[in-house]
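Take the sequences, apply the hints, and build the full model.
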Amino acid sequence: DGGITQSPKYLFRKEGQNVTLSCEQNLNHDAMYWYRQDPGQGLRLIYYSQIVNDFQKGDIAEGYSVSREKKESFPLTVTSAQKNPTAFYLCASSAQQGAGANVLTFGAGSRLTVL
Amino acid sequence: KQEVTQIPAALSVPEGENLVLNCSFTDSAIYNLQWFRQDPGKGLTSLLLIQSSQREQTSGRLNASLDKSSGRSTLYIAASQPGDSATYLCAVEGPNTGNQFYFGTGTSLTVIP
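Protein sequence lines correspond, in order, to chains V and S.
Note that my numbering gives residue 83 to position 83 of the first sequence, counting from 1, and the numbers run on in steps of one.
Note that my numbering gives residue 1106 to position 106 of the second sequence, counting from 1, and the numbers run on in steps of one.
What the hints contain is simulated information worked out from the structure, not anything from laboratory work.
Keep in mind that a hint or two might mislead.
What the hints assert, rightly or not - Okay, the calculated beta carbon distance ranges per label pair:
1) V/ASN26 / S/ARG1055: 32 to 42 Å
2) V/ASP30 / S/GLN1051: 38 to 48 Å
3) V/ALA81 / S/THR1110: 31 to 41 Å
For every residue, glycine included, the Cβ atom is placed at its ideal position computed from N, Cα and C.
Below you can see the structure in the form of structure tokens.
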């Protein structure tokens, strides 16, 4: 079955450490996204990518980095510069941005806790 | 910047009741509006997508409508069941926001048996 796989599901990090969250999709989607979800704040866009080797900052990109070396993969690194990284992180993909019937598909999420 | 609002933030209804969830957005230049369901600690599941040229979409007991000119959408759930308990979010995608999706904060629905 096609879908999006995020790993790990739970991750604990000490202050000052970088961590990388994995996102892999087998939907052959061009666009991929990373969102952060905090209680009561909805989803906020961190980064998105429309094609391989290209990505754009979302509304809250500071303290995060991404790469898009393969169409299927869009890993997110939470760096030590992110001041409040404890959150639920969601990866998503869609066939084509700007298209009318552009269904957004999500992974199961990764919960990051900073100790 | 597109702003998406969902009211109410929480809703509790007895089983079998019909209910309506609301979503409003500030920029009417959109490509589409989607409704999602999220169970606690899980990812989002797409329920319905309405393209900007459409007025409504139906899937089973769910019906979503779109009034683009007024910046509003509603999700109607018929004959609610305890299994419908979840958080429902709406999101819009449009050309004036870099083709990004903007989400509301969601409505937490509890259906009481």
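Cross-check of the supplied hints:
| no. | hint | verdict |
| --- | --- | --- |
| 1 | V/ASN26 / S/ARG1055: 32 to 42 Å | 34 Å, holds |
| 2 | V/ASP30 / S/GLN1051: 38 to 48 Å | 19 Å, violated |
| 3 | V/ALA81 / S/THR1110: 31 to 41 Å | 39 Å, holds |
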